[in-house]
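Fit chain B to the supplied structure of chain A, relying on the hints for placement.
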Amino acid sequence: MFPTPVERRSAAVQNTYKALLPVALILWLLPLLMVALFSIKPDSDFTQGNLWGLPSSFAGFENYTRVFTDSAMPRYLLNSVFITIPTVIGAVALSCMTGFALGVYRFRGNIWIFFMFVAGNFVPFQILMVPVRDLTLNLGLYDTRLGLVLFHIAFQTGFCTLFMRNFIRALPRELIEAARVEGVSEIRIFWYVVLPLMRPAIAALSVLIFTFIWNDYFWAIVLTQGVDTQPVTAGITAFNSQFRAAYHMMSAGSIIAALPPVMMFFLMQKHFIAGLTLGAVK
Amino acid sequence: MSAIPDADQRSWWRRNQMRAAPWLFLAPGIAFFAVYVILPIFQSFQISFYRWDGLGEARYIGLVNYRELLDDPAFYTSLRNNVKWLLLYLLAIPGGLFIALFLNQQVRGIRLYKSLFFFPFVISQVVVGLVFAWFYNPAIGLFNPLIGLFGLSPMNVLGNPNTVTYGIIAAGLWPQVAYCMILYLTGLNAVDPEQVEAARLDGAKGWRMLWYVILPQLRPATFIAVVVTVIGALRSFDMISVMTNGGPFGSSRVLAYYMFEVSLSEYGFRMGYGAAIAVVLFLIMMVYIAFFLWRMWREERGA
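Same order as they appear, the protein sequences are chains A and B. One rule links them: number in the numbering used here = place in the first sequence (from 1) + 1325. Just so it is clear: in the second sequence, position 59 is 40 by the numbering used here, and no numbers are missing.
Worth flagging that the hints you see were computed from the coordinates, not collected in a lab. Each statement offered as a hint is correct.
Which residues of chain A face chain B? A few of them, derived with a C-beta cut under 10 angstroms, are: (1) Phe1363; (2) Cys1421; (3) Ala1426; (4) Leu1453; (5) Met1575; (6) Phe1590.
Note that this is a predicted model, so its numbers are computed, not measured. In this text, a Cβ means the ideal position worked out from N, Cα and C, and glycines have one as well.
Isolated chain A, as found in the complex:
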């Protein structure tokens, strides 16, 4: 292991290391801790200049309740859910199929189609913005959640295909060959042989795409407007102008907006990191 494990060092080094860990963590998360502290302070603390001290009274419950009762935040959160979940399902379903096709079959053009998905996944959003907005307008889907979902599914298919194809390549080919010898049709091989083996990849990808889409801001402001359709990343700006200069409320609102992917991460950590670091180890 590198660096040398601290267990092999002197007691002094070990203790310094253990003391350093929490200090480093607090410094690392300092901006976030500041906002978390703001979110549980009462309004009066800000007017009296008690900014970074302990809250004069615990107002966390009040502040967070107000986020749900006095603003459109619940609506935005719901929009985010209705945008994110269908996108995850759509993109994973499409890429299971494309990944299967590119991972299992050898045919002319295979590598070029694969490269098309990979390259498309890296393009800057701005090169797509004007035509995609125009297309969405023409389909009558501008300012609808469906319009946003369709685009997200298409774009995420690039990354998902890369992911799924590489995963399927690493599966044992003998299973597929054996099924073919038995005369099982290709569609049944996909459904009954390969798909069950892809479960870990599906889990990892779902968690990852959930986070990406939940956190999307650019497409939300390009393709939607207003409280009926916009997800929480875009809604937070409206929320902040409603509570202008009320830092305790804005802080609580931001934390609520950021929470779902954070919970997803802590609940599904193993899958999340497996997805993110695919390819970091050869």
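Then chain B, alone, in the frame of chain A:
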């Protein structure tokens, strides 16, 4: 008699399914991707030769948009800021490596520490932007008291054209360092312990060990880290939009943001001009995409 055509159909599928199946599975994915990603790239190229407000008639004007770019000071500011982003964002790689080395131990609770260090990456960039905007805020933020500890006088990071871009990049580095950290932690896990021990017996330690033994084994992680960091730098949009709206006086714009401003905000719906900016951004990115594909192609051939 009626069974014959049925049998025929079955046998066509039987005979050709190996050739037909991949296209069947690819069709929906390719259709979606072509309509929403591939085609729009070409359309943007086309639109960049037109004057178009997004609603009325588009008028062909040849290279006028591109010629205008050459005389547009805002374009140069954006380009310069893109270069700053690109160079400074790469600090995420050594930063992530440093934290990964710091956390690559097996003391109690280290798993939780790793998760919490990674945490900024999971938060949306919009919230990261807000958090840092408040952190820098001269009235309420902790930033000024903090630099005060080192004897520096208070400043308004986001209000000063000379510091604003660096302030936003620092905020952007926060999640990016976390990302690189997790890549390196995974990479360090896979480092061959026998090689490390052998090098240790040969007297290698510290920097020399890191440089000659560890880093070569971390190559795949470094490669991915470079790719995602470069792309992240060129995609920077959310934070600029949330923290400064490109200001003050347009000094924190980057191409991605300026393009949006030109096409969709109060500066008027100049789709053609916006598309021209997007094309420039795309061509810059294309260099990296080509490099990435070339490397993948080499690997595929080797496999």
